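Chains A and B, in that order, are what the protein sequence lines are. In terms of full-length UniProt numbering, the first sequence has 188 at position 188, counting the first letter as 1, and numbering is strictly consecutive. In terms of full-length UniProt numbering, the second sequence has 173 at position 173, counting the first letter as 1, and numbering is strictly consecutive.
If you are wondering where the hints come from, they were derived from the structure by calculation, not from laboratory data. Computed from a predicted structure; not experimentally measured. Check before you lean on any hint, since a few could be wrong.
Result set (DSS-like, lysine-lysine): computed pairs, CA atoms no more than 30 Å apart in a straight line [to be verified]:
1. A/Lys-257 <-> B/Lys-257
2. A/Lys-257 <-> B/Lys-243
3. A/Lys-185 <-> B/Lys-118
4. A/Lys-78 <-> B/Lys-185
5. A/Lys-37 <-> A/Lys-91
6. A/Lys-115 <-> A/Lys-91
7. A/Lys-264 <-> B/Lys-255
8. B/Lys-328 <-> B/Lys-118
9. A/Lys-198 <-> A/Lys-328
Number of protein chains: 2
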Amino acid sequence: MNIIVDAMGGDNAPEEIVKGCIMAANDFGEIITLVGKKDIISEHLKKAGYNGDRIKIQNAEEVISGDDEPTTAIRQKKDSSLRVGLDMLHKGQGDVMVSAGNTGALITGATLIVKRIKGVRRVALAPLMPAETGCFLLVDGGANVESSAAFLKQFAIMGSIYMEKIMHIKNPRVGLVNIGSEEEKGTEDVTEANRLLKEIPINYTGYIEGREIPCGAVDVVVCDGFTGNVILKFMEGMGIVIKRMLKGIFFKNLKTKIAALMVKGGINELGKTLDYTEYGGAPLLGCTKPVVKAHGSSNAKAFYHAIRQSIDMVNNNLVDTISENINKY
Amino acid sequence: MNIIVDAMGGDNAPEEIVKGCIMAANDFGEIITLVGKKDIISEHLKKAGYNGDRIKIQNAEEVISGDDEPTTAIRQKKDSSLRVGLDMLHKGQGDVMVSAGNTGALITGATLIVKRIKGVRRVALAPLMPAETGCFLLVDGGANVESSAAFLKQFAIMGSIYMEKIMHIKNPRVGLVNIGSEEEKGTEDVTEANRLLKEIPINYTGYIEGREIPCGAVDVVVCDGFTGNVILKFMEGMGIVIKRMLKGIFFKNLKTKIAALMVKGGINELGKTLDYTEYGGAPLLGCTKPVVKAHGSSNAKAFYHAIRQSIDMVNNNLVDTISENINKY
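Whole structure, please, built from the sequences with the hints as guidance.
Next up, the structure:
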């Protein structure tokens, strides 16, 4: 397997990306191709003391930054690490691509270059999010601002397949985000999607309200990309605030510092539950080849997990399974 | 002033409602009219030892439950506490109404019976939510599933007036929920609302992403009712989960219990920040008379705060100020 990695994407590129790839190459035994400025990448590989043969470099002179407008960047920055990586994936010069770069550009590029699976209406971003009990997949986390009932139905099918094949959850529970539990509540798209989801052989448990999401009431949370992105970022914001408040509580004085030591393990666990960046990358569901969006602030360890996730996606034939099932219902 | 109170609405009615009203009658010196089953209310007043003359009772034989379909309930349950209370408010037999009952029925009833201020396109539910620094008003928290740009503009104006007049925040910062900071990002309604909000004399600070909301980046968070309701309930759910996890951490063994005692004050403060029910009721913005939705799970103290809030709304001429400003821009 050859894993294509955008070496220049994200806040900590390329240093942390390179470090994560070295760890992954050593542990997983697959080939990794780092795409980006050859000199800089070589330097970082050298600096990290890597002298194996599993990491290759593909030169790309340009970089798409977080501020670049996605469509323009993909069309104009033809020699950017993100674009070159996607071109390689499209041509079969790799099996999966991982990037911590510009999310919009990755989604746009994956749609335009790698293309959608036949029958898939929209590519969805599907971050894995922490919950009180385990975790859940949020589809769509922001790829599609507006999502019709037909899109929502496909998000549910793809999300369900992901949780079953990659997270090994049998018969994953799928919930549709709404603002009440009554059948006819919500937007037209949501009520129509509710009808569609009842007719297909997934474990659809009905509407889910915001209150039930953090408990882990379902394994797949389906919603339009606007709502999903607000949930994703609101959770991130609350995590940051609560961590900062806990710090304030525990670092107040000597007594509270001692208390902190006494509950250290538990508080660390809580911190992990509040930090969705701990949960690896977000797969792009619906492309003809697997693509993983690693969090923009990924450090080496987070990126290492995103690579493991990308390997799982290839080994478990995620794309084929989606392709086989998406047109059935 | 005469405050009309739905004595039968909410999870803890009528006992906690009656208790809260007794506290409020004693402290604020206004007349309170409890609407509901006379015998039961009298019994609770007696049980609580109330023998003042500031609390009146208006009999109403029916009760609208949380499961009732709002429009049907308002039309058919003509002798329900909620409907009778709104009728009284409409007829001028009271100055403000407070209810912890069925949210949908209260919004529908307020719109149909008390009616909208001339020029107001939609009534909005505006819960006050806790943030790291202070609190913010969420408009709309769920009254309008879909909200056009014109609605969003009015939510911003009404929310801004509320925070200025009732919460005494000078020049309140107003943010519009979106999934990015770029001008053209988001739905058509949101980008159009962004243009409209720039043209009016409120302190509009632009788009706000989910991440910035819990920090208290703005005083008024404007969004459609679907997104607002998801935010509201997601925050509630996260609060419940985090409190439960903290309990688990601190009640594990003797050592952790001692640690709990050492940081008790701080943890209690954190608990309050996580619990939006602590923040009083949600005003309905845009009606010709002030209406306050108290949280369904309100206890006596929460209801007491909702009554204080309703008095503030009357004393500070909220309705008149909205009426004077809503058609100006």
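task = Hint by hint, work out which the structure violates, then give me just those numbers in ascending order.
result = none
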